[in-house]
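Novice: According to the UniProt record's numbering, the sequence shown is numbered sequentially starting from 1.
In short, the hints are calculated from the structure, not lab data. One thing to keep in mind: the hints can contain errors.
Think about it this way: if two alpha-carbon atoms lie no more than 25 Å apart in a straight line, the pair counts; the simulated DMTMM-like pairs of lysine to aspartate or glutamate are [stated by the list, open to error]: (1) Lys78 <-> Asp58; (2) Lys557 <-> Glu575; (3) Lys583 <-> Glu406; (4) Lys269 <-> Glu258; (5) Lys38 <-> Glu229; (6) Lys74 <-> Glu163; (7) Lys484 <-> Glu406; (8) Lys186 <-> Asp247; (9) Lys583 <-> Glu382; (10) Lys386 <-> Glu498; (11) Lys118 <-> Glu163; (12) Lys484 <-> Asp508; (13) Lys282 <-> Glu272; (14) Lys496 <-> Asp508; (15) Lys496 <-> Asp326; (16) Lys499 <-> Asp514; (17) Lys479 <-> Glu492; (18) Lys136 <-> Glu105.
Between beta-carbon pairs, the in silico distance windows are [to be verified]: (19) Pro102 <-> Ala220: 15 to 23 Å; (20) Ser252 <-> Gly43: 50 to 58 Å; (21) Ser110 <-> Ser252: 37 to 45 Å; (22) Leu467 <-> Lys386: 42 to 50 Å; (23) Lys496 <-> Ser423: 45 to 53 Å; (24) Leu114 <-> Ser47: 22 to 30 Å; (25) Cys599 <-> Cys547: 22 to 30 Å; (26) Leu49 <-> Gly116: 48 to 56 Å; (27) Lys549 <-> Arg520: 32 to 40 Å; (28) Asp494 <-> Lys464: 40 to 48 Å; (29) Leu536 <-> Gln385: 53 to 61 Å.
Because the structure is a prediction, the values reported are computed rather than measured. All C-beta atoms in this analysis are idealised placements derived from N, C-alpha and C, irrespective of residue type, glycine included.
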Amino acid sequence: MVEISHLLAAGPGRVWLFALATKDPTAVERANLLNMAKLSIKGLIESALSFGRTLDSDYPPLQQFFVVMEHCLKHGLKVRKSFLSYNKTIWGPLELVEKLYPEAEEIGASVRDLPGLKTPLGRARAWLRLALMQKKMADYLRCLIIQRDLLSEFYEYHALMMEEEGAVIVGLLVGLNVIDANLCVKGEDLDSQVGVIDFSMYLKNEDDIGNKERNVQIAAILDQKNYVEELNRQLNSTVSSLHSRVDSLEKSNTKLIEELAIAKNNIIKLQEENHQLRSENKLILMKTQQHLEVTKVDVETELQTYKHSRQGLDEMYNEARKQLRDESQLRQDVENELAVQVSMKHEIELAMKLLEKDIHEKQDTLIGLRQQLEEVKAINIEMYQKLQGSEDSLQEKNEIIARLEEKTNKITVAMRQLEQSDSDLLTQTRTIAMSLVKCASSDTQDQYKLQAEKAQLEAEEEDKKYLQECQSKSDSLQKQISQKEKQLAQLETDLKIEKEWRQTLQEDLQKEKDSLSHLRNETQQIISLKKGLVWLKDKEATHCKLCEKEFSLSKRKHHCRNCGEIFCNACSDNELPLPSSPKPVRVCDSCHALLIQRCSSNLP
Numbered sequence: 001m002v003e004i005s006h007l008l009a010a011g012p013g014r015v016w017l018f019a020l021a022t023k024d025p026t027a028v029e030r031a032n033l034l035n036m037a038k039l040s041i042k043g044l045i046e047s048a049l050s051f052g053r054t055l056d057s058d059y060p061p062l063q064q065f066f067v068v069m070e071h072c073l074k075h076g077l078k079v080r081k082s083f084l085s086y087n088k089t090i091w092g093p094l095e096l097v098e099k100l101y102p103e104a105e106e107i108g109a110s111v112r113d114l115p116g117l118k119t120p121l122g123r124a125r126a127w128l129r130l131a132l133m134q135k136k137m138a139d140y141l142r143c144l145i146i147q148r149d150l151l152s153e154f155y156e157y158h159a160l161m162m163e164e165e166g167a168v169i170v171g172l173l174v175g176l177n178v179i180d181a182n183l184c185v186k187g188e189d190l191d192s193q194v195g196v197i198d199f200s201m202y203l204k205n206e207d208d209i210g211n212k213e214r215n216v217q218i219a220a221i222l223d224q225k226n227y228v229e230e231l232n233r234q235l236n237s238t239v240s241s242l243h244s245r246v247d248s249l250e251k252s253n254t255k256l257i258e259e260l261a262i263a264k265n266n267i268i269k270l271q272e273e274n275h276q277l278r279s280e281n282k283l284i285l286m287k288t289q290q291h292l293e294v295t296k297v298d299v300e301t302e303l304q305t306y307k308h309s310r311q312g313l314d315e316m317y318n319e320a321r322k323q324l325r326d327e328s329q330l331r332q333d334v335e336n337e338l339a340v341q342v343s344m345k346h347e348i349e350l351a352m353k354l355l356e357k358d359i360h361e362k363q364d365t366l367i368g369l370r371q372q373l374e375e376v377k378a379i380n381i382e383m384y385q386k387l388q389g390s391e392d393s394l395q396e397k398n399e400i401i402a403r404l405e406e407k408t409n410k411i412t413v414a415m416r417q418l419e420q421s422d423s424d425l426l427t428q429t430r431t432i433a434m435s436l437v438k439c440a441s442s443d444t445q446d447q448y449k450l451q452a453e454k455a456q457l458e459a460e461e462e463d464k465k466y467l468q469e470c471q472s473k474s475d476s477l478q479k480q481i482s483q484k485e486k487q488l489a490q491l492e493t494d495l496k497i498e499k500e501w502r503q504t505l506q507e508d509l510q511k512e513k514d515s516l517s518h519l520r521n522e523t524q525q526i527i528s529l530k531k532g533l534v535w536l537k538d539k540e541a542t543h544c545k546l547c548e549k550e551f552s553l554s555k556r557k558h559h560c561r562n563c564g565e566i567f568c569n570a571c572s573d574n575e576l577p578l579p580s581s582p583k584p585v586r587v588c589d590s591c592h593a594l595l596i597q598r599c600s601s602n603l604p
């Protein structure tokens, strides 16, 4: 940037441009860049107005303006370290405009979508051209300059964009809204362009000195135009704000109208409810007056009854005084009895402790007996299964014995039939032999005799064999029958033993059940003694539980401290010490008899 200042100073027309008398070189650079921006913007506006039509990308003053803007934005830019190299581009701060100014999102999106751009510098150049075409370059850069905290990430503290010179340049850029430009960004090679400033365009000739008045007039016109445009923008913003206010007022008006209608409906409903409540109030007043009249009558009747009952109470009071005198005499006797009962109570407590010990011992025995019961049940089940098996085997053996007896009967019948058939055969052979002897001749008699004897011998042998076989079968059957009879006798003896064992087990079970029931009764008695009484409420009882007489003012209600039921004075005039209270308290007749019986049974 220092070279640019030297070039400006050494121009052919000896136009000397010096910064303020400061020794800081960065201040000199900022001043030179500011002067250069003024020259380029002023020259571009004058040439565009004289040109009289829209500018294209080949227009030289426009190209020089973009080069100057590029140098201004690069001044004091921080070097960014990347993965491959050091980077120093103006695309980073220009991307911030999208976040600060929502209308700039379209430019950023269109720049990213351009196919020919490969470098960040090319994207920044395209962004500047599109911003000039939109006539919003000054607005975009103004948003950047305001946010100096964000700019400090990209620029040094002495950069042009961080100082007042940047604000002056942004103010000068407002004049570019007069220019109409139509730039073709797609066709240009923005990545490889060289940003060199051509100072020959800004050198003044002698002809230009004569046109100063014309330039002053043009500048005044431009200033007026810029002023009018600014006023127009402000008016447009006020109109839009007024429109938004009108819309909000209309919405609020409609809401208020709806709320009014709802409020009117609510008022009508409340009026109706008020009328209903008034009518109900009148009815309630009428009912209360009637009820008051009825209650007055009841109160008068109750007063009369109270007077009658008062007389009866006075009589009862006199009787009670007499009873008090009698009871004061009896009190001494009762105190003597109390001393006896206190000693009885100590003895009862000792007996209770002994009972608790017995209960614990009996509970242990109960647990053992339950275990024995379970074992006995298991043995019973096994014995029952064995009995069923033995009964089944007995039935089978009885069936086998019946079959064997039938077979033996059949064999004896067959033996008898065989003996008869043998005797018949013998008689037949004898008759045949006699007939043969008589009929045959003397020569043949011997032969016939021999043949007859042989036949008789063979028949006798066959009969003997058959008889032997039958005897062997009958012997084997008799042996089997004797074995079965022995087994039957053994089974019968086993059955008798099992039945006796079962009877003994049943007797033991019955004894254990009796002992268990006895123990349960004792435990229930002890639990009933230990449990607190259930106190019956006065409202729940209208009659005495024993005599069933109705309670009244003369017949008062009394609680039994043992069972908690309600009795009259006649049925609960006994007093005994209880486990809950060491002093003697009121007890009903039934509880009195029961407690005395328990004490007498517990005492040795």
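Novice: Next step is simple, just say for each hint if it's right about the structure.
Specialist: Evaluated hints:
1. Lys78 <-> Asp58: 32 Å, violated
2. Lys557 <-> Glu575: Within the cut-off at roughly 16 Å; holds.
3. Lys583 <-> Glu406: 91 Å, violated
4. Lys269 <-> Glu258: Holds, at about 17 Å.
5. Lys38 <-> Glu229: 21 Å, holds
6. Lys74 <-> Glu163: Holds. Lys74 to Glu163 sits at ~14 Å (cutoff 25 Å).
7. Lys484 <-> Glu406: Holds, at roughly 15 Å.
8. Lys186 <-> Asp247: 43 Å, violated
9. Lys583 <-> Glu382: The hint is violated at about 60 Å.
10. Lys386 <-> Glu498: 9 Å, holds
11. Lys118 <-> Glu163: 31 Å, violated
12. Lys484 <-> Asp508: 36 Å, violated
13. Lys282 <-> Glu272: Between Lys282 and Glu272 the Cα gap is close to 16 Å, so the pair holds against 25 Å.
14. Lys496 <-> Asp508: Holds - the C-alpha atoms of Asp508 and Lys496 are around 18 Å apart, at most 25 Å.
15. Lys496 <-> Asp326: This hinted pair is violated, its Cα atoms lying about 77 Å apart.
16. Lys499 <-> Asp514: 22 Å, holds
17. Lys479 <-> Glu492: 20 Å, holds
18. Lys136 <-> Glu105: 13 Å, holds
19. Pro102 <-> Ala220: 15 to 23 Å: With Cβ atoms ~35 Å apart, the hint is violated.
20. Ser252 <-> Gly43: 50 to 58 Å: This hint holds: roughly 54 Å between Cβ atoms.
21. Ser110 <-> Ser252: 37 to 45 Å: 40 Å, holds
22. Leu467 <-> Lys386: 42 to 50 Å: Holds: the Cβ-Cβ distance is about 45 Å, inside 42 to 50 Å.
23. Lys496 <-> Ser423: 45 to 53 Å: 51 Å, holds
24. Leu114 <-> Ser47: 22 to 30 Å: Check passed, 28 Å falls within 22 to 30 Å.
25. Cys599 <-> Cys547: 22 to 30 Å: 26 Å, holds
26. Leu49 <-> Gly116: 48 to 56 Å: 32 Å, violated
27. Lys549 <-> Arg520: 32 to 40 Å: 37 Å, holds
28. Asp494 <-> Lys464: 40 to 48 Å: For Lys464 against Asp494, whose Cβ atoms are near 45 Å apart, the range 40 to 48 Å holds.
29. Leu536 <-> Gln385: 53 to 61 Å: 56 Å, holds
In terms of the numbered hints stated before, the structure departs from hints 1, 3, 8, 9, 11, 12, 15, 19 and 26, listed from lowest to highest.
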